[in-house]
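Q: Single-letter residue listing:
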Amino acid sequence: MKEKMKAKKSFNSNTILLLITIVLFMVLYAGGCIAYGSKGFTHFQTFLNILITNAGLICVACGMTCVMLTGGIDISVGALIAMDCMMLAVGMSKGIGAVPMVAIVLLVGVVFGFVQGFLVGYLEIQPFIVSMAGMFFCRGMTAVICTDQVSITEKINATFYKWANTKVTIPFGGYVNNKGKYMVPYVRPGVIVALIVLILIFIMLRYTKFGRSLYAVGGSAQSAAMMGLNVKRIKMGAYMLSSILCSVGGVCYCLNTMAGSVTRALGLEMDAISSAVIGGTLLTGGVGNVIGSFFGVLINGTISSIVKTNGKLASSWPNILTAALLFIFIVIQSVFGALRARKK
Amino acid sequence: MKIWNKIKSWPLLLPVVALILVMAVNIIHDAAVGDNPLSFFMISLRDTTTNGTILFGRIIDIINRGSEVAILAIGMTLVVSASAGTDISVGSVMSLCASFMCMNLAGYGVSSTTTLAKPLIVGLLAAVLMGALCGAFNGTLVSHLSIQPMVATLILYSAARAIGLLLCNDLIVYVRNPSFAFIGAFTGPIPTPILITVVCIILISVVLKKTALGMYIQSVGINAKASRIAGLNSRRLRFLAYLLCGVFASLAGIVASSRITSADSNNIGLYLEMDAILSVALGGNSLGGGKFNLAGSIIGAYTIQAITTTLYALGVSSIQAPVYKAIIVIIIVVIEAPPFKAFIRKHSAARATKGVKA
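As you go down the protein sequences, you meet chains A and B in turn.
120 is the number that the working numbering gives to position 115 of the first sequence; each next residue is one higher, with no gaps.
312 is the number that the working numbering gives to position 296 of the second sequence; each next residue is one higher, with no gaps.
Simulated from the structure, these hints should not be mistaken for lab results.
Built from N, CA and C at the ideal position, the CB exists for glycine as well.
Among the clues, some could well be false.
Said to hold, decoys possible - As a list, the in silico DSSO-like pairs of lysine-lysine whose alpha-carbon atoms are at most 27 Å apart:
(1) LYS357(B) to LYS348(A)
(2) LYS18(B) to LYS357(B)
(3) LYS237(A) to LYS362(B)
(4) LYS237(A) to LYS357(B)
(5) LYS241(B) to LYS225(B)
Claimed, not checked - Sample of chain B residues facing chain A (criterion: CB under 10 Å; computed from the structure):
(6) ILE245
(7) LEU248
(8) MET290
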């Protein structure tokens, strides 16, 4: 009952934040279409390419949203993806099959999430410190596994190569290219996985006991405990979920890049956090939605896509723009928070 | 028993024990390899062709290389104490300041130069100003908009390095000028970074001892509301802590950049935020804010550098070293975590009552 009331109270500003996000995405995309229409930005495939490159990020952002709902944060995700990619690449080049290797990666995600969750939930250490140590651990561990760039080629593992190059065609939205050939739009399997994850997490957050308790813990850990929720276990669950989804994302990411290296996915945690924040997830916890995070990812993807299409802008621009957007949305959140506090 | 209790409550216990442990590892390693077991402690004067007679030895090297971390640790201690959060942007801010300075010294778009485009002092001031600006940005977000410190500093953590690259036109700018290189080289026989660090430490301790600033910052960290009611401007003090942290980050950036006579945006200060936070934690300071102990942080910083140097000596590469540091961080924060302490207390109490019954 209390939760429902709370949801109603914060309904207004949350919907506004989500609306701002969706409008921002449309404006950005429309701007891209107008500026770079001649370079093929208007094709449906460009949009699908954004999904293909960011399939991993969508999974990671879903996990990040769950963690941020509890009021925590997990900055180990980028490094964990680097470690996943390296493990996949090295494991397969040692002759382990694709399916067992993916299983191992997911298992590592579970164990890593368990440790982080235990430290945050049961030992009450600041999430930032824990996940920062986790980040350095994973990044260093990637270098311990192998310091070189390892590529996954067809020779190394045919199954994984086949997965990566499977095209899932979409029956509409094609275009005729300048050679007169009809191009059928397609996505990669990673996108399908990411969308399934998105829908599952959406349903989980909305309809399951665990999903609702994430909101309750983030809204107020004390009242959640008084209602009889096991706050420690729920917090641990959130971090485990984040690391598992991150490992799923790592596999998607690896399907897209087909290589492992120490600097892989550098700063991806930043993209995931900014996606969630831009999508309307409050940093203080208790408010948020994976649909918003999904649009946040799309905004990030559109920015880097525009910078890439332009071709002349320096490679550091996407980083700066993402940080600037994050800054703007954090300030908006803070202003909304202050207004809400004044109303009370 | 009394002495034991006294030792247990000594604030510098953790950093000193860690330092002794590192030294022990070094002695054992040297002995195992077949060197003189005490070679870790040896300091000698050596003639070099480039710098004349200089001090030489592993301890000198650690104190020299640890300068950046020590300077960062000063600022980080203040931030942790005042706001119960950490400034994770220091490494990136270092890089940004170094890039801005080298851009000023070499001129925009120039990738390598031996003559300075502007006087050295202009470059140095530009770097410090940039550091202060970054500190002010973080400080405003944290103190005036009440955003969690680590999230607020996350913005610059990701953006500062990119802005630095942009300022340098995506190049590594080399400034091979002796007057600039001097900052990272030697003054007489002593490495200049050591002198800079000593000056920083003396300055900040004088300020903290002679004014009430240190006490004010601690009181804001312990209870911001109560200090405000007591008449302190909590917001301004918090802002000041972040400002100082930014300025110290810029000083560290100047030293780091001068050492390699270039502004390598991607590598200057990489992972140093971790080292700085680790120094504060290792120095026996609570990451939950409040009371701080500057001496502990500085000993902590040199301990970190000793750990890094030892890891390199043991054959761990620089990109693998974070694994060990991360494990050390976790061990330290677990030891300091209240639930862990409560668990230990309960355990020892249970053992004590068992002893009485028997």
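Q: Has the given pair, LYS237(A) with LYS362(B), been kept, meaning a C-alpha gap of at most 27 Å?
A: Measuring from Cα to Cα gives roughly 20 Å; hence the hint holds.
Q: So if I understand the rule, the pair passes when the alpha-carbon distance is 27 Å or less; does LYS241(B) with LYS225(B) pass?
A: holds (24 Å)
Q: Given the hint that LYS18(B) pairs with LYS357(B), does the C-alpha gap stay at or below 27 Å?
A: holds (21 Å)
Q: Taking 27 Å as the top limit, are the C-alpha atoms of LYS357(B) and LYS348(A) close enough?
A: violated (41 Å)
Q: Tell me if MET290(B) is really an interface residue toward chain A, meaning its C-beta lies closer than 10 Å to one of theirs.
A: With Cβ-Cβ at 6 Å, under 10 Å, it holds.
Q: Hold the hint about ILE245(B) up to the distance rule: shortest CB distance to chain A must be less than 10 Å.
A: Result: violated, 19 Å to nearest chain A Cβ.
Q: For the hint on LEU248(B), just tell me whether its beta-carbon gets within less than 10 Å of chain A.
A: violated (22 Å)
Q: Would the pair LYS237(A) and LYS357(B) pass a check requiring their Cα atoms to be no farther apart than 27 Å?
A: Holds, at about 17 Å.
Checked against the numbered hints given earlier, this structure breaks hints 1, 6 and 7; the rest are met.
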